[in-house]
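K.L.:
The lines below spell out each chain.
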Amino acid sequence: MTTSTRRRSRTPGRWLHAILIPVAAVWMIPVVMVVGLSLMPPSNPTTTFFGILPAQPSFSNYLTVWQQNPILQHLGNSLLIAVPSVVIVIVVGSMAAFALARLRVPLRGLIFGALILALVLPMSGIVVATFKILQAIGLYDSLLGLVLVYSALGLPFAIIIIRTSFLAIPYETYEAAVTDGANAWQIFWQVYFPLARPALAVVVIWQVMMSWNDFLLPLVTLSSTELKPLTLVPLAYRGIFLSQPGALFAILVLISIPVVLVFLLVQRYLVNGLAGAIK
Amino acid sequence: MRTKLRQNTTGLLFLLPALTLFAVFVVYPIVYNIQASTLEWDGVNPGTFIGLDNYVRLFQDPTFLITLRNSAYWIPLTIVPQALIGLLLALALNRGIFASTFYRALFFIPAILSPVVVGIVWQRVMDPFNGVFASVGKATGLDWLGGSFLADPDTAIFAVIVVNIWMWTGFSMLFYLAGLQLIDTSVLEAARIDGANSFQTTWRITFPLLKSTHLSLLLLGIIGSLKTFELVYVLTQGGPAHASEMLPTYAFQQAFQLQSVGYASTISVVLIVIAVASSLSMVRVFGAGFISGDEK
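Residue numbers (the numbering used here), protein chains in the order written: chain S, 58 to 336; chain W, 33 to 328.
Think of the hints as simulated: they come from the structure by calculation, not from any bench.
Listed next, the stretches of chain S that the computed footprint assigns to chain W, with coverage defined by at least 3 CB atoms under 8 Å from CB atoms of chain W: (1) 86 to 92; (2) 95 to 108; (3) 164 to 173; (4) 176 to 185; (5) 198 to 208; (6) 269 to 283.
Reference excerpt, derived from the structure (chain S facing chain W, CB under 10 Å, subset only): (7) V80; (8) M152; (9) L157; (10) R161; (11) I190; (12) A241; (13) L287; (14) V290; (15) P291; (16) L305; (17) V328.
Beta carbons are placed, not taken as given, at the ideal position from N, Cα and C, and that holds for glycine.
Bound-form chain S, shown alone (with noise of 0.2 Å):
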């Protein structure tokens, strides 16, 4: 009985092990791919192991690219868009789902319609007409509309799994702070708000996601190559790289760093998060 348990439970890990390496290796060649190119000298521009690798690896093309493009600029951008839009969508998200998940709100059902189209209101569908508006209130070629776009487009989204991760506080809670005599205000900002935390991870790797990586509106609605965020660089200086491949993977490894890590630090609080969103 005993040793049959043990096999059970040992013999299992192995064979996954036996799956899984072999799967998780082939999945990353792209990933592998990305940081080895990036590696790949304009002056040696041969790979080895199937094209995945350089044959001769130099840190040459870090150097190009931080001279060639002013790349602390589009980071800057990049930055500019991402940090505040993650903000906003965290300050503004978690208020409205507060109010929705315990304050007296009018027109409720008209409020989550709204939310529902909001939630898959395809951003290229409404691209055409952002660049309009954004030229008409006078944002075109402007950070800052971007920011509000991505904000509004992130909303629903954060809502709903805020919300969620609000409604599985006991009620008690509030009530108990009601009676303490504490405002809507500082129930929502003192005891709701720091409980949200793997819902609040969940919504900044997806806002992070959605306001670093894309480059849909930023390539309609920006047309000053100073103010061009990170992922434009490779469309933008298209020409350039043509004949710098190695120079072009250096600048897909930039883009990917930060990402990276702020997927890291979030990470353990992923799958919790994503729990409460989808019970």
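Following the hints, complete the assembly by docking chain W onto the known chain S.
P.N.:
Frame of chain S, contents of chain W only:
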């Protein structure tokens, strides 16, 4: 009466910033789209009202048919493999095996990369001269692997679909891992004591209990498929000869390359109608619980 009023005001104040952003950047663009879809308009000079002519033109446009056909490929061919591989990975990683957090991070990384990064690297993976497929083909004698899948009208859309599966499978995996956490393990324990093997418990108990996860992924998959712009834009620009065109890339081309803003708005309106109609019908059929998180 006064308290009720004050409560209403507080609720509205909390909602006000969100509602303002919604009104300006979600509701107004939709209205704007609808209005612009009735115009013959280059986006610069004043447009001429042409009623529903743009819609008539769209329904006779062969490229519109291609985009519908491509969506019909895209929806099942991305959702099913992503869910299936994602579920298998989640089931494997949910057993608390060694390094499961590491595997989880590896499989999720493609989903957090920018479509620019994913698109450009996959162009290289499928490059007929320097690509991985071509190199493997050369090494194994499977010469067909060296084909230019992205440049061939017969394969372009499927090549983009493969990239999409690679990118989003980790996302499905994460959803299933979250769904698996919500399953009461005592049910599985009871089944095991009754003599059910692990295949039976997975198929008969776990799989049905993951219903809300399946539905969330289905809904997100349909919306995601209709929204698809970035990957197609970077990989093929909708070409060759519209072969991999999707509604968003076609609208983009009409608006920003051909200066037919009126026609592009028409495509956008149709896109929004399809997205909203398919989501609402899903909500109708399956109940809204899985979106709003309300008790069923």
